[in-house]
Amino acid sequence: MTDAHTLVVENLELGYGNRTVVDGLDLAVPPGRITCIVGANACGKSTLLRSMSRLLAPRRGHVLLDGKDVHRLPAKQLARTLGLLPQTPIAPDGIVVADLVGRGRHPHQRVLSRWSRDDDAAVADALAATATTELAERSVDELSGGQRQRVWIAMALAQQTEVLLLDEPTTYLDINHQVEVLDLLTDLNRSRGTTIVMVLHDLNLAARYADHLVAIAGGRIHAVGDPAEVLTTETVQAVFGLTSRVIDDPVSGRPLVLPVGRYHVDDVTV
Amino acid sequence: MTALLDTPTLDTDVVARNRIRRGRRRRIVIAVLTLLVVAAFAASLVFGKTNYPPSDVLRVILGHDVPGASFTVGRLRLPRAVLAVVAGICFGLGGITFQTMLRNPLASPDIIGISSGASAAAAFAIIVLSLGGTQVSVFAIVVGLGVALLIYALSFRSGVAGTRLILIGIGIAAMLDSVTAYLLSTAGAWDMQEAMRWLTGSLNGVGWSATLPVVVALVVLGPVLLLQNRNLAMLQLGDDAAQALGVRVERTRIIAIVAAVGLIAFATAAAGPIAFVAFLSGPIAARIVGQGVSLVIPAALVGSLLVLVADFCGQYLFDTRYPVGVVTGALGAPFLVYLIIRSNRAGGSL
Chain A
63 MTDAHTLVVE NLELGYGNRT VVDGLDLAVP PGRITCIVGA NACGKSTLLR
113 SMSRLLAPRR GHVLLDGKDV HRLPAKQLAR TLGLLPQTPI APDGIVVADL
163 VGRGRHPHQR VLSRWSRDDD AAVADALAAT ATTELAERSV DELSGGQRQR
213 VWIAMALAQQ TEVLLLDEPT TYLDINHQVE VLDLLTDLNR SRGTTIVMVL
263 HDLNLAARYA DHLVAIAGGR IHAVGDPAEV LTTETVQAVF GLTSRVIDDP
313 VSGRPLVLPV GRYHVDDVTV
Chain B
95 MTALLDTPTL DTDVVARNRI RRGRRRRIVI AVLTLLVVAA FAASLVFGKT
145 NYPPSDVLRV ILGHDVPGAS FTVGRLRLPR AVLAVVAGIC FGLGGITFQT
195 MLRNPLASPD IIGISSGASA AAAFAIIVLS LGGTQVSVFA IVVGLGVALL
245 IYALSFRSGV AGTRLILIGI GIAAMLDSVT AYLLSTAGAW DMQEAMRWLT
295 GSLNGVGWSA TLPVVVALVV LGPVLLLQNR NLAMLQLGDD AAQALGVRVE
345 RTRIIAIVAA VGLIAFATAA AGPIAFVAFL SGPIAARIVG QGVSLVIPAA
395 LVGSLLVLVA DFCGQYLFDT RYPVGVVTGA LGAPFLVYLI IRSNRAGGSL
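Taken in sequence, the protein lines are chains A and B. Each residue of the first sequence is one higher than the one before, counting from 63 in this note's numbering. Each residue of the second sequence is one higher than the one before, counting from 95 in this note's numbering.
Hints may contain errors.
[To be verified] Part of the chain A face toward chain B, derived, beta carbon under 8 angstroms:
1) H124
2) L127
3) T150
4) I157
5) R179
6) D182
[Said to hold, decoys possible] Label-pair distances were calculated between CB atoms; the ranges are:
7) A:P93 with B:Y246: 39 to 45 angstroms
8) A:E199 with B:T128: 25 to 31 angstroms
9) B:L129 with A:P93: 54 to 60 angstroms
10) A:T68 with B:I434: 23 to 29 angstroms
11) A:R282 with B:I434: 47 to 53 angstroms
Think of the hints as simulated: they come from the structure by calculation, not from any bench. The beta-carbon is built from N, C-alpha and C at its ideal position, and this holds for glycine as well.
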């Protein structure tokens, strides 16, 4: 259903104060696919995502959505095509799930417009898509971490954008909820063709779920492409400074990173 | 679109019906509060040292000449009651705007020094510069905005943290209150009534010349704030989420701050910083309406009702006539303590 929006980053330089975080980065996000961005803490991956959704103005270079600079597009117009779920959004005290999901409709509404049938339909659909329909009338405060994250994703779905960026959507979640969230995003990608770009902490989950893997080190792209090609012992060494072995994941056939620390390592296997 | 997972799909009609049902309580509260404001307004015109029948009061309002009532109701009670309603709305709107924007009930303009700044400025303009009328209001706004900017700048350290802003604001409020006290103590004609006005807020002796600028300010700035209502509610999600949903965060914040400070400053220039009304209105409205919905209009009505009732009680309930700010202060101080205790228990979130 999507016309495959293109999202391209050109020669991007980003920083805070006099500190440069991202330096001359180029990236073409494959339309209709899932892209995962990985890298060590403070490598610039979240900063990159923030700038791609125009939360941070670049010092140099551009972020182009369908060839247009996202930092020059009208705010609401951009928000109808490109959505972002930040790492730590805040739920207003006592807000009910359906109302929070309804906030995702903001870019589709005008200042004085009334709530439309499209808005209600989008909320119903987003709730169903994230299996939060039964939670609709509950207060967000009462929910578990996993439920809450599904509700935030529902809010992003109600925005009905064809490109969705997520900053560490699985942080603080138990492993079962991590898999649940990533499965949900894959459902969304497969059934609706939504282009997904997410920053993930967990290398192995990134390798499992990404169609396209971006490894960032020191504000630059170290390696990019198919996870099987990107995720090698050399990449893990260069990006994280970690010795590891990379084997074929017996479940998915994707690469699986086994870290080699100073303890509990059988010499033969290294 | 197709459902992604195998779960019951909530019908669009059900979503719509539930949404309307959730909004119903707020609409009922708004209707009831409006009636209460009208009733308290009418009562403050009818009752007093001398009671006038409602028919006389109505005739005065319609411009007829009624011996006795024309002066007492038309010249004394009416401008006072109108100012009570309008200033209450201004404080309520200003308070809920700051509280929503900074996601903290303690961040209201009367706690973080904006009301104190406007009040000190008004006292300075009147006592030292011998200004009057609208000039006083303009002076109060400029200083109110200056204080807002100062607090913002002082608490800015890679983003504004709510707690730091509030603590700095409380410090600045204390400094500005002492400026007001100093100005009043050096004033040639030391007048207890005037001193009370600039320190706690008072409606004593107000006439139409004090009331009308506040009415105009509300008519101009009130709609500006109401038009930002949705954007302001989006800011509750955090700046990043709001911006990702198409809100121009900085623009919204600047418009809201200027409008809210304007309302507070105009009301303060006429009635003084009526203690705790801005601070109390939002949380009281939240108790009545329930959380998670827009509190802007309920808070404005609560502010109005608070000022009307407190002023009425201050005038007639005791042997001495207390200024309205003394009554609202007596209500507000325990509530402040309660909120602080509760915030400590809840680990800092209010």
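Next on the checklist: Hint L127 (chain A) vs chain B: min CB-CB distance below 8 angstroms?
Outcome noted: At 14 angstroms from the nearest chain B Cβ, L127 (chain A) fails the 8 angstroms test, so the hint is violated.
Checklist entry - Would the hint on D182 (chain A) stand, with a C-beta cut-off of 8 angstroms toward chain B? => result Holds. Min distance 4 angstroms.
Checklist entry - Do the numbers back the hint for R179 (chain A), that is, is its least Cβ distance to chain B under 8 angstroms? => result 7 angstroms, holds
Checklist entry - Is it true that R282 (chain A) and I434 (chain B) lie within 47 to 53 angstroms of each other by Cβ? => result Because 49 angstroms falls inside the window, the suggested range holds.
Next on the checklist: Is the interface hint satisfied for H124 (chain A)? The criterion is a beta-carbon contact with chain B at less than 8 angstroms.
Outcome noted: For H124 (chain A), the interface hint is violated, since the closest Cβ of chain B sits about 18 angstroms away, which is over 8 angstroms.
Next on the checklist: Does the closest beta carbon of chain B sit nearer than 8 angstroms to the beta carbon of T150 (chain A)?
Outcome noted: 7 angstroms, holds
Checklist entry - Would the hint on I157 (chain A) stand, with a C-beta cut-off of 8 angstroms toward chain B? => result 4 angstroms, holds
Checklist entry - Would you say the C-beta atoms of T68 (chain A) and I434 (chain B) sit inside 23 to 29 angstroms of each other? => result With a Cβ separation near 53 angstroms, T68 (chain A) and I434 (chain B) fall outside 23 to 29 angstroms, so the hint is violated.
Checklist entry - That 39 to 45 angstroms hint for P93 (chain A) and Y246 (chain B) (C-beta), does it hold up? => result 42 angstroms, holds
Next on the checklist: Holds or violated: the 54 to 60 angstroms window for the beta-carbon distance between L129 (chain B) and P93 (chain A)?
Outcome noted: For P93 (chain A) against L129 (chain B), whose Cβ atoms are near 57 angstroms apart, the range 54 to 60 angstroms holds.
Checklist entry - Between E199 (chain A) and T128 (chain B), is the Cβ distance one that fits in 25 to 31 angstroms? => result 28 angstroms, holds
Checked against the numbered hints above, the structure violates hints 1, 2 and 10; every other hint is satisfied.
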